[in-house]
Structure formats: C-alpha cells, structure tokens
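Quick mapping for you: the protein sequence lines, in order, are chains A and B. Throughout the first sequence, residue numbering follows this note's numbering, covering 14 to 287 in sequence. Throughout the second sequence, residue numbering follows this note's numbering, covering 14 to 287 in sequence.
No wet-lab data here; the hints were simulated from the structure. Just to be clear, a hint being listed does not mean it is correct.
No copy labels: a pair is met if it fits in one copy or bridges any two.
Each computed DSS-like pair below joins lysine-lysine, with the alpha-carbon atoms no more than 27 Å apart [as the list claims (entries may be wrong)]:
no. : residue 1 : residue 2
1   : 162       : 235
2   : 88        : 130
3   : 190       : 248
4   : 197       : 230
5   : 248       : 130
Protein chains: 2
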Amino acid sequence: MAATRLVLLVALVATSAWELPPSLRMATAAQAVEQAAAAVAIHALRPLVGSAGDLGRRGGVSCDSWRLAVEAHNKRDWRTVPADCEGYVGHYMLGGHYRRDSRVVVDEAIAYAEGLKLGGGGKEVWVFDIDETSLSNLPYYATHGFGTKPYNATSFNEYVVEGSAPALPETQRLFRKLIALGIKPVFLTGRTEDQRAITVANLRRQGYSGWDKLLLKPVGFKATAIAYKSGERRKLQDAGYVIVGNIGDQWSDILGAPEGARTFKLPDPMYYIG
Amino acid sequence: MAATRLVLLVALVATSAWELPPSLRMATAAQAVEQAAAAVAIHALRPLVGSAGDLGRRGGVSCDSWRLAVEAHNKRDWRTVPADCEGYVGHYMLGGHYRRDSRVVVDEAIAYAEGLKLGGGGKEVWVFDIDETSLSNLPYYATHGFGTKPYNATSFNEYVVEGSAPALPETQRLFRKLIALGIKPVFLTGRTEDQRAITVANLRRQGYSGWDKLLLKPVGFKATAIAYKSGERRKLQDAGYVIVGNIGDQWSDILGAPEGARTFKLPDPMYYIG
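Working from the sequences, and respecting the hints, build out all of it.
Below you can see the structure in the form of structure tokens.
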C-alpha cells in the first residue's frame, strides 16, 4: 500500500528576519542558500526515515507532526524537543515559518478585536503573556539547542537579567492596535516579582508602552502556571475588568476559568510549561 | 530586513495510501511523481507570493499557517477553506501528511491510555466522534473541492447513506487498543437518529465492533455541537461512567464540561463545526 515518490522542489523562500543579534542573521545570500538548504534537508527528510508504517514509532520522529501535536495540545508535559528535531525547530524559528504562523494568529486577534463593541467605561483588558509572546528568548534558545536540552534556570535567568530580549513584532502589532482601539493591555507572566525592574526596562527598550498592569508572580509562590494565571485573571474580573482577549505561547496561559472571552495560542515548539 | 533565498530540495516522500477508491489512489510511480510535484509546488509556493511583509495579508494566504491556526483553535467559525488552498489541502489529505499527523495524535492517546489505572468496575469509557474521526468522508470531499465549497447538506447526506465511508486507520488502532485495555468506546456524533442503521452498517463494514454505545442526535434537536455533546457527556457521567478520554476532529467535540479526563484533537483542515 506504500508508494515511494520522488519530489523535486525548487522554492523561492522570502524570509523576514527577526530582530536578532547579527550572528543569528543570515549574513550573505550565498551563506543563506547553504544554511537554508542544510536546514530544509534536515527537517524535510526527517519524517521520511524508515518505511511509512514505521513513521513516528520506531525512533524516527516526524518533527512537523510533533510540532502540530504540541500546538493542538495533543502532546503535553514534554520536557525537551526530540533530539532529532533540533535542526527542524531551529529552521522553523529562524526562518520565515514561525513569523508567518504568528502573523496569522495576530491577524485573527486583530479582526476579533476590531469587531468588539466596547462598553465605554474603559474596563476592557487584554491579557498578554511575556516570554515567547511579548518578548522573544530566541537569542538564548538559538545558542542552547532550541529546546533539545533540559531547562537550565541558571543560564536562562542570566539571559533574562540582561534585559535584551527582542520584541515579537506580531505581538507588538496587536498590542499597539488594542491601545488604539481603547482596550488596555495587561501583562501576566510567570516571571517573578524580583525581575520587575529588568522586565519593565526590557519591555520599554523594545518599544512597549501604555500597558495597564504588569502582574508578576510572587517569589516562592508555589502553584501550577494554570492555577496561578487563572487566579490572577479571576482577580481582574472581580475588580471589574472585562477580559476580552488573552494571548500566550503556552496552553497554560489560556486554559483555566476565567480564560478570557477569546484566547489565542502563539506557536512555541521550544518548551512546555504545564 | 528581508533576504531572498533559493532552496533546492530533493525529498524522497514515502506515502501510505488510505483505504480510498482506486480513482483517488496514486496509480503508477510516474503519475505519482507528476501529481506530487504539482501538488507540492502549489502548496509550497503559495505562502511565498509577494514580499515577506505582505504574507497572509494582501490576498496571499499562507495555507500551512492557516491550517495551523485551525488546529490550534485560533481560527474559528470559518465557512470554507480559502480557495487558494484547495491544492494544499488536497495534497495534505491524500498524501502522507494527514496520516502522519493523525498517527502522532493516536500514539499519544495510546501512551496515555496504557498509563491509566482502571477501577475494575468496567465504568471507564472513551468518547469517539464519528465523521473525520472514526470514519473518513475524504472520498466525498476529494470530489467536492476539499472544503473550498460551501457545505451542501443534500449531496453530503447522499454520500452518508451510501454507508461507504472508510475507517480512519489510526483511530481504529486506538479503538481496538482501548477495548483490549478494558476501556469501552462510546460513539457520540452529530449524525441524527434517522441515520442510525446506515451508520451502524458502515461502522461494522469497516471493521468496528465492540462499542458500548452509539449516541446520535435526535432529529430536529437544536443546539450547538458543544452544547449537545457536552450535555451527552454529562449524562454519561451522571450514569456513573468515567470518561477517561475523548477524541474528535473538531474543537466542538472536545470543548465544554465535562470534556473527559484527557482530550485529543485529530487534524481536519476541510471543515469547521462550531
């Protein structure tokens, strides 16, 4: 029942660069061709190892199917990106694919926001997660295996306190649009209260301004991300706010009542927070 | 900030055929190469029209990003597949991609089921949707634009009463595994009670047997899919059943309390049921 087909594909790929350190950017056209060809070969061929019947079972990980399972919340509680998928995830994140996927999510969010009828009392808020939603830690992950290595709190926090994380341009577009519409952004993050100053500095440096609240987790607070974040959203509601939207890169950002009237899941194939 | 890169990709694609009418199968290796090359060219080049800044906004639909947005429930209440994406969706469904994505979902579901500790009273059930979950209507959609045309109740119901829909092999693998583990399958479908006989015949013909219940919607019942299906799950719970799992191709199959202890979303880029 299995047919083997030879596919020859010549694709002209237009990529818009993220605001990343120059070392992570494609330097010259020639290098770009080389790097892209290598990266594409890695992830395009990865799912195709072994016979069709064995795919995804006998060691051969189908990285694009794995990523879809993560995004649709079928794959849960995973600790690291499959080692075989480092090249695939790297190419996804640094090439145009991640940006393109994020753009469609934000286009939907803006269309939804533009269709809202606001009450006029200025009580409508939109909840934004920070890491991999408002700010990108891709410069860190790009030099730490794109999620294939176990989380290292020490080195990651060293990166955070640099305050150099770039903005995610699509999220920033939504953020500014909401302010223009009269919907107030509220940041709600798993970052802890002792990182408030550097987080504010990082956000401002990256062009964010005009948020209504920045809610950080108390140091030493023990709870799951879902319990912590839904509890904070509950407090917002109890204080009279109307959460019209909620956007994050983790399912734990957007699950747990009250979720917000509508939720948006940005892509993140690099890590999982339960 | 945009770099243009030329990517040369030679991919050996191994495809396992679905149980489809011969006319939909890849006939010969030569034809397969030709068809696959055409289909891949359509969907690979589609997202790349225009400059990077325009992607997904000025008419150019990024079909893979659109599909991801559907699967992650960012895109909701859509009526038809974007016309530009017919070739992309067709290739996704008929090639190996849909099957591969489904396989990863079912692998997760089986790993989860195998880890369960059952109570011993035989009350654990697993809820299965039918269309695009247990049975595939791909033979219909393949000849009706792969979801690019508005839903036609007349022609679709003519197809349903043929009772010829093939099983989705990955779902069937889960179904049989659950029975072996002692978890009882319950079908819960938006099909109506007047289609019970043909649905039973179709399921049996396709090798399904041993289900505990087949719950169909009363004719003329007016409610959203979420309200109807969550109401039926509530009745199961109230009758003492423990819903350990729930699998469907629509978010409306798996949203709405009680959802079931764990939910699984199979891919479906062809239609949306709210």
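Hints versus structure:
1. 162 <-> 235: Cα proximity of residue 162 and residue 235: one copy only (24 Å, versus 51 Å across).
2. 88 <-> 130: Only across copies: residue 88 and residue 130 sit 20 Å apart there, 36 Å inside one copy, limit 27 Å.
3. 190 <-> 248: Classified as within; 25 Å inside a copy, 44 Å across copies.
4. 197 <-> 230: The answer is within: 20 Å in one copy meets 27 Å, while 43 Å across copies does not.
5. 248 <-> 130: Classified as within: same-chain Cα gap 23 Å, cross-chain 37 Å, threshold 27 Å.
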